[in-house]
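Chain S is fixed; fit chains A and E with the ligands onto it per the hints.
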Amino acid sequence: MRTDHHSAYLSPILEKYGENASNLMQILREAQECHGYLHPDAIDFLCEKLGLPRTKIVGVASFYSFFYLEPRGQYRILFSDNITDRMMGSELLLARMCKTLWLEKGKLSEDALVSVDTTSCTGMCDQGPALLVNNFAITHLTEARVDSICALVREQVPLEEWPSELFEVKDNIRRSDILLLEEDFSLRAALRQGPEAILSELKLSNLRGRGGAGFATALKWEACRNAAGSERYVICNADEGEPGTFKDRVLLTLHAKKVFEGMILCGFVIGSKKGMLYLRGEYRYLLGHLEKTLQDMRQAHLLGNAILGDFDFDIEIHMGAGAYICGEESALIESLEGKRGTPRNRPPFPVTNGYLDRPTVVNNVETFCAATLVAAHGGKWYSEIGTQKSSGTKILSVSGDCERPGIYEYPFGVTVREVLQDCRAISPQAVQVSGPSGVMVAQAEFDRKIAFEDIPTAGAFMVFGKERDMFEVARNFVHFFAHESCGFCTPCRVGTALLRNLMDKLHNGHGSAYDFEEIRKLNGILQSMSHCGLGHSACNPVLDSIAKFRPAYEKRMLHHEFTPAFDLDQALQAARQMTGRDDRAAHLAKGEQ
Amino acid sequence: MDNKLKVATATLAGCFGCHMSFLDIDERFFELVKHVEFDRTPLTDIKVLGECDLGLIEGGLCNSENVEVLRQFRRQCRILVSVGACAINGGLPAQRNPIPLSVILDEIYLGEAGIAHGLIPNDPELPLPLDKVHPLHEVVKIDYFLPGCPPSADAIWTFLTELLAGREPVLGTELLHYD
Amino acid sequence: MTETFRLDGTDVPFEAGETILQAALKAGRFIPHLCHHPEFRPHGSCKLCTVKVDGRQAASCTRLATSGMKVESETEELNAERLALTQMLFVEGNHFCPSCEKSGDCQLQATAYHLGMTNAHYDHFFPNRPLDASHPDFLLDFNRCILCSLCVRASRDIDNKNVFGLAGRGMASHLIVNSKSGKLVDTDFSVSDKAAHVCPVGVILRKRQGFFIPIGSRTFDKKTIKEYVDTRLGEED
Ligand SMILES: Cc1cc2nc3c(=O)[nH]c(=O)nc-3n(C[C@H](O)[C@H](O)[C@H](O)COP(=O)(O)O)c2cc1C
Ligand code: SF4
Ligand code: SF4
Ligand code: SF4
Ligand code: FES
Ligand code: FES
Numbered sequence: 001m002r003t004d005h006h007s008a009y010l011s012p013i014l015e016k017y018g019e020n021a022s023n024l025m026q027i028l029r030e031a032q033e034c035h036g037y038l039h040p041d042a043i044d045f046l047c048e049k050l051g052l053p054r055t056k057i058v059g060v061a062s063f064y065s066f067f068y069l070e071p072r073g074q075y076r077i078l079f080s081d082n083i084t085d086r087m088m089g090s091e092l093l094l095a096r097m098c099k100t101l102w103l104e105k106g107k108l109s110e111d112a113l114v115s116v117d118t119t120s121c122t123g124m125c126d127q128g129p130a131l132l133v134n135n136f137a138i139t140h141l142t143e144a145r146v147d148s149i150c151a152l153v154r155e156q157v158p159l160e161e162w163p164s165e166l167f168e169v170k171d172n173i174r175r176s177d178i179l180l181l182e183e184d185f186s187l188r189a190a191l192r193q194g195p196e197a198i199l200s201e202l203k204l205s206n207l208r209g210r211g212g213a214g215f216a217t218a219l220k221w222e223a224c225r226n227a228a229g230s231e232r233y234v235i236c237n238a239d240e241g242e243p244g245t246f247k248d249r250v251l252l253t254l255h256a257k258k259v260f261e262g263m264i265l266c267g268f269v270i271g272s273k274k275g276m277l278y279l280r281g282e283y284r285y286l287l288g289h290l291e292k293t294l295q296d297m298r299q300a301h302l303l304g305n306a307i308l309g310d311f312d313f314d315i316e317i318h319m320g321a322g323a324y325i326c327g328e329e330s331a332l333i334e335s336l337e338g339k340r341g342t343p344r345n346r347p348p349f350p351v352t353n354g355y356l357d358r359p360t361v362v363n364n365v366e367t368f369c370a371a372t373l374v375a376a377h378g379g380k381w382y383s384e385i386g387t388q389k390s391s392g393t394k395i396l397s398v399s400g401d402c403e404r405p406g407i408y409e410y411p412f413g414v415t416v417r418e419v420l421q422d423c424r425a426i427s428p429q430a431v432q433v434s435g436p437s438g439v440m441v442a443q444a445e446f447d448r449k450i451a452f453e454d455i456p457t458a459g460a461f462m463v464f465g466k467e468r469d470m471f472e473v474a475r476n477f478v479h480f481f482a483h484e485s486c487g488f489c490t491p492c493r494v495g496t497a498l499l500r501n502l503m504d505k506l507h508n509g510h511g512s513a514y515d516f517e518e519i520r521k522l523n524g525i526l527q528s529m530s531h532c533g534l535g536h537s538a539c540n541p542v543l544d545s546i547a548k549f550r551p552a553y554e555k556r557m558l559h560h561e562f563t564p565a566f567d568l569d570q571a572l573q574a575a576r577q578m579t580g581r582d583d584r585a586a587h588l589a590k591g592e593q
Numbered sequence: 001m002d003n004k005l006k007v008a009t010a011t012l013a014g015c016f017g018c019h020m021s022f023l024d025i026d027e028r029f030f031e032l033v034k035h036v037e038f039d040r041t042p043l044t045d046i047k048v049l050g051e052c053d054l055g056l057i058e059g060g061l062c063n064s065e066n067v068e069v070l071r072q073f074r075r076q077c078r079i080l081v082s083v084g085a086c087a088i089n090g091g092l093p094a095q096r097n098p099i100p101l102s103v104i105l106d107e108i109y110l111g112e113a114g115i116a117h118g119l120i121p122n123d124p125e126l127p128l129p130l131d132k133v134h135p136l137h138e139v140v141k142i143d144y145f146l147p148g149c150p151p152s153a154d155a156i157w158t159f160l161t162e163l164l165a166g167r168e169p170v171l172g173t174e175l176l177h178y179d
Numbered sequence: 001m002t003e004t005f006r007l008d009g010t011d012v013p014f015e016a017g018e019t020i021l022q023a024a025l026k027a028g029r030f031i032p033h034l035c036h037h038p039e040f041r042p043h044g045s046c047k048l049c050t051v052k053v054d055g056r057q058a059a060s061c062t063r064l065a066t067s068g069m070k071v072e073s074e075t076e077e078l079n080a081e082r083l084a085l086t087q088m089l090f091v092e093g094n095h096f097c098p099s100c101e102k103s104g105d106c107q108l109q110a111t112a113y114h115l116g117m118t119n120a121h122y123d124h125f126f127p128n129r130p131l132d133a134s135h136p137d138f139l140l141d142f143n144r145c146i147l148c149s150l151c152v153r154a155s156r157d158i159d160n161k162n163v164f165g166l167a168g169r170g171m172a173s174h175l176i177v178n179s180k181s182g183k184l185v186d187t188d189f190s191v192s193d194k195a196a197h198v199c200p201v202g203v204i205l206r207k208r209q210g211f212f213i214p215i216g217s218r219t220f221d222k223k224t225i226k227e228y229v230d231t232r233l234g235e236e237d
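Protein chains in written order, with my numbering: chain S, 1 to 593; chain A, 1 to 179; chain E, 1 to 237.
This is chain S alone, in the form it adopts within the complex (with noise of 0.2 Å):
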């Protein structure tokens, strides 16, 4: 039987995981680590063990880019497409790969043994380009990388036996602060203050999340720790998809004790016995790491029962699998419920309507590793530093163009010049602050500062020099919204597809002041209409590319009048080549009037 192959497999994971199909996610990510795709006979096993119907399964696994329900080959290639790594020739040496793998982008080579496609930032823009194999990270591309990755693969060498070098990831800390310089903090003196203490210092800290939102961290807390129900839960959010960022990943690489002290803290002062770190699926290489980090905090009973008089407390690792919408919050917690990443109507929120509908704190990983610090260190020594409104410190992840990419932790209130300074910059003409869904700083605003009541960020800086075309940069951003909306609401779905087209139309010289003003209208569409908050942000890279950089659009709009939407001659080439015509009748000028 077929299907003996697949329950062979399948069981073990099924028993790991309860046979609960809230794991739905993490039952088949590890059934696809097993056979490499999701093959029919095993949703058919799962089906009837999981007690889902198939609808349900092939929903969720069809949202998530990591999942394949077709044979993708044994080794699964993926290069980051973050303008950053495009600017580093990620380009080139993708199709040096496709070429000499002999396959075509997108599909399967012939012998089924190897695909290499695209995918969003993968969060290595200090050291890109990067591509993931099979989910595992490899950075710092070159020709000579790129050609040993293509041997190992044609010798079908086995990942685990892949040179240890490949996957080597650096941390390339720049500078470091409070945060980043803590070292030693308990967490037993920390919850001996009490949960009414802890939270008061963390109103007084004035501390605001790091996600991107920015809303007070204190509030969010008490708000959950007053919700009605009897359990809570405290989730980690590790997703970190949005292009340029990758701080969380350098502090889950060497901050991970503190992370899940910050959470454990979270889970005292609310009264939750459950916590949940929701890890975006790029970093899968961390999981090892990180349960480990578990494991020991375990044996040193951070975790576990009783850590503090009775107060309980464990952590759970939950993967994504490709799905930027999942750094939502109310999309991520779908997800760790096991189902398709749309974001949910809010109100009600996750601090009263949160993981199976209970009252649920979602912090950013800094946000948790700050509230150790205010724990340790109290909340007015921490509302000390930084500017009034934005108290503490930010972690930027600086990438682009510029000579010292990497980790930066400031005060809040520095300025964007400073940084650009101390990554000593390669003449910046723009900056991309808090990624394509934040704001594009240019040259004359360089003097603005990093901080909540200025610019807000999550925390990626992405440096442009003055040789790139704010217009590809902003088209980049169009294509990665539209590639990753979840397909929910009609504005963002449609609006981010029919923004990209007419960004492509630019783009390929067919534009007239006709499009420019279409582009318009779909903005303003998206910013009203739309579900969340990636259909609310996704024109912001083109409003202000078309406010700063207006002649990169002018650039492109050559034709005075309306230009048709596609490419006319190009439209009559399948009859050309069908009846071996060439002659002047068979062709058709492009955008005449």
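FYI, nobody ran anything at the bench for these hints, they're computed from the structure. Mixed in with the good hints there might be a few duds.
Stated by the list, open to error - If you want the footprint, here are the derived chain E segments under chain S, 3+ residues with CB under 8 Å:
(1) 8 to 19
(2) 73 to 86
(3) 119 to 127
(4) 168 to 177
(5) 188 to 195
All values derive from a computational prediction rather than experimental measurement. Glycine residues also receive a C-beta, built at the ideal position from the N, C-alpha and C atoms.
Just chains A and E with the ligands now, with coordinates in the frame of chain S:
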């Protein structure tokens, strides 16, 4: 009436249904010709399109000739109107769009039920088909759209009289239909 | 005392737990909508029902009414945005009304009429979505699916079957059925399912019933979408 509006019409990838519906305005035609003069249209014998005030186009874009005619209309007509479902979204002809053109030509000319003698016609006199059928507004700027398959005579009449009176033609719910 | 909110300047009463749209419809006030259905839990995906609540856009089918909130709906700005969304739905799929069995009974079409849509404005995507004619009594024409999930909700919540589900992401989102073959005939779908009768557009079609009702006598030949919604509220179908 001295200042008659010059009107031209054409059928591209359509079925002439819209023109037939136009004729269905019946006796109102007499009223209409008091105000308009027809230039190139299937209703007259005029072959060359002159400068016009109004161009009415039925049918979508299926081949290169359709595109050339449409462009000519756009150049010569002050106001250009997409008339009918086919002009507006490709209509019935556009239902070939999911099928690759090569498959279609193969099936028709080379397949078992083929009608030509194992040859895809390649006479330069024949316009080449586009790989997909497109609505007019994807190729030129269209000023007004008159939906329906075909738009009813009343809809056409209302549209024209409003336009002639210098008003923005708006079809009420009774006249607005896509089928 | 019943509580009220202001909708375009007049008071609309509501009960605790009601959404803006529910309360508005009950009061005979129409707000365009496609993915809302009175018998199902709110979904909030089409965004046609977007209104401004105290100056900010929100989907009226998911936003709970609260006392004294100021809601704008019939404004030029909102209707223009609703029209744009409707046009997006038309170009996303393949909507050739003249050859659609649902024409005249279709809520997307009727909503487009209501909004005065004369054309789909955007460039068409012309997707390739093969039909599923496997079932003896039903045809699925995915070309017209607007992903409202009404069939998904009906099958799951009322029929207890999960015949339908949504798959894919972004523009690749699509409807699937619950069988390994991917064909409707291999599911337990049946005529008596609620899911067989909720599709607002022409996807889930009863075979051998097409074009039975002559033009002029179909639902929206006789009623506007507003009148239809009014009558549907009382009706148990
Ligand atoms: C599309 C989208 C993506 C997001 N991605 C992330 C992310 O990767 N990491 C993160 O911490 N927050 C992300 N957020 C913000 C979260 O929704 C949420 O506000 C945050 O996790 C709360 O934590 P904080 O208060 O500590 O910032 C995202 C929001 C949106 C709308
Ligand atoms: S805005 Fe985009 S990402 Fe958010 S719910 Fe809508 S489709 Fe999904
Ligand atoms: S589903 Fe409605 S809008 Fe679409 S083709 Fe059919 S009748 Fe027209
Ligand atoms: S088939 Fe019909 S009911 Fe189901 S999601 Fe599509 S449009 Fe909605
Ligand atoms: S030719 Fe008039 S609608 Fe098709
Ligand atoms: S009816 Fe409200 S979003 Fe569809």
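So which of the earlier hints does this model not fit? Violated hints (numbers, rising): 1 and 5; every other hint is consistent with the structure.
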